[in-house]
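What follows is each chain in one-letter form.
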Amino acid sequence: MITLDGKHGWVISYTNKHNISGKVVEEINNGDWTFCTSIKPEWDVDKLTLNINDQGYRGGVLCRNGMHSGIFNVLWPSDDGKEWLRFIKGEIWYDTPEGETKIAVLETRVGGGGWIDIMLSYNRKEKTLVLETREELQENWNTQGVKIDGEIIDYSGSHVWIGCANAFASCPEPQFYQGHIRCLGVFNSVLTEEYRDKFYKEYKDFRGIAKYFRGHAHKRQVYNFEAMKPLAFTNFKTSTPYKAFDFSGNGNHPIIYKREWGVY
Amino acid sequence: MSEKKQSQAVKVKNELSIENQHFVKTKQKLDKIGPGMCLAKWTQTTLHLQTGHNHSCHHPRTHKMDLKEIARNPSALHNTRYKKQRRKEMLNGKRPTECDYCWNVEDNSDRFSDRVFKSQESWSLPHYDEIVNSDWREDFNPRYVEVAFSNACNFKCSYCAPAFSTQWTEEIQNHGAYPTTDEFNSFKYNKLEDKMPIPHREANPYKDAFWKWWPDLYQDLHTFRITGGEPLLAQDTFKVMDYILEHPNPNKNLQLAINSNLGGPKQLIDKFIEKIQRLEDEERVREFIVFTSVESWGAQAEYIRHGLDFNYFWDNMNLILEKCNRTNVTIMSTYNALSVPNYHKLIKGVYDMKTKFGSSDRYWKSALFLDSSYLRYPTHQTVQVLPKEWDSYILKHAQYVDYMGVPLFDHNYIGYSDIEIQKIKRIYDWKTAEWDGKEQQVKEHRYNFGKFFQEHDKRRGTDFCKTFPELAEFYRKCLEIRL
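In the order they appear, the protein sequences are chains A and B.
Here our numbering is used: the first residue of the first sequence is 1, the next is one more, and so on.
Here our numbering is used: the first residue of the second sequence is 1, the next is one more, and so on.
These aren't lab readings, by the way, just hints derived from the structure by calculation.
Computed from a prediction, not measured in an experiment: that's the story for all the values here.
Wrong hints could be hidden among the right ones.
Stated by the list, open to error - Derived EDC-like pairs: lysine to aspartate or glutamate, alpha-carbon spacing no greater than 16 Å straight-line: (1) B:252 x B:287; (2) A:23 x B:391; (3) A:211 x B:470.
Excised from the complex, chain A in its bound form (with noise of 0.2 Å):
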């Protein structure tokens, strides 16, 4: 698990610049692809610095940058102005046939202040969005989905970011996300019920360099995630100051990433 206080965030790079990646990241570009992770955010609105128009906070969970897509967490005012409604939200853009740039967004309403499993996916063909979510204690998944009227916007060379939207100094919005995150997944695939539910039952369980390693590893997944086509997961339990351990085998570790870094 890591905290994210507001102020920095993780990433992993589209491309590894040693060449090392069995898969590169960015190859969700060319295919269906699915992005799973499971947080706890931060909902105290004391605690939060609102970034959207001074009104309400919006952080961003798992997220590509350029025009800023992937998964966020969204603390809004109700009318009424006497609650703070909690949201969790799909987001991607696209092109319409008719040559305008538009954003389909999916959205849930988050009850509880616990940990909540999330998944947003993409079917290529289909051109279909889908965001799950089920909060803690809860047994079914709440699912949405939405038909995109177009193609998606080019995000070649476009980063995955964990728990902002984009942290480089030049990004006016990094929406910067304050709260626990505890695994994460990219698979270059839509994952199916089955697989789904086998990514959160056993996330937990990935650690240890010396089980990935261990004897005749090489001639199997260590995980049994093959069929699921990923391209980097983890829960944070194996890392080193800097970098959280890719347990896909890709080599894609995300990497801490600070804002006063300046450009990756």
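We have chain A; now place chain B onto it with these hints.
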């Protein structure tokens, strides 16, 4: 050349031009004299005193030093008549044939060859004018010297040879060459190339010449590195250290490096550490580096390096870094087929030590470096013999080092450097490269792999399958190969 290839070549050339202006300038300076000019022929030398051979730059084959020449002029250990002829060729615009490694690079790619890199070094380039204005007959004191005083060694690493190990010499004397198709480590090669090592207890005229030359050489040195054999078993190693410790006017710019397997007797290790401490405390050298070697972890490392007690070795490395707080240690790891199953443990062990001992007091902040190079010879032990399924394992090692790497944007942290990562990536690239006839070559190398380790177990009482259960199935298949 196809259009695509041509444009790639132009791109590479442009990148090189932009990113490496210094190399471009150095190449232009060298080319002004001739297309074969290389300063390393003057500034660098490796002296194998146990066999009487030397070469300047590691690429040309070694050649014999002349006993009559060195009796008259000890600097002829480096300034041999043979080498002076090659210098003459260079100064006259020719390319010496022995330097074909670089000509192959220059003629077949847009990359800089090593003659540019080696001439660019701080021990080379400052001497450009002096060299190009000199007569080819003149002697020149090298600035970067590597010397092996003897082949005395307490180890007989599986990939080593009698020229570098008395233990190997003894084994070959007793049992003969290994039953591989190339008769691995047969003395016939040493005899053919006049490389039979002089027994380390016998008089050695090359060593005598070295000590005559040393007082003159010492003050000019930029880097002095002692190799072997096991240098701690050679009295000359301590003689060098004592010379520097006792010198009234030491060369304080010297980078002194000593190789050691760190497996020698305790009293020698302690003596070594004590002298390093004095060299550091009295600031008699600019930098001191210990080069050592290991290629895996635990029992597997011990099998590869016969004679190694892994825990003793690791403790000694700890001790040096603990007691010598300005010294850096580099592990020269000759990554080979037997390294693959357990190299991740070595990567982790080195990382832990980097974290423990890293400090800005040291010449290099990272106390310990893992310099992974791939074994090229003997061919039966290179990673090429392994089946393709092991390729991903090598890549995973590179990814693992990357995982423990230092992000470029933060220099305060200690971890693996880009070079350490790239060197493992290079091993993967080499392993996965294809060339004509590779399959047939690999078949023979696998045959030899089986033959070598079968004989190894027989002669040395080792058990390959027990030590390398991950490779046991592969080993058995190698034994079934018929050529």
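- What are the numbers of the hints the structure violates, in ascending order? none
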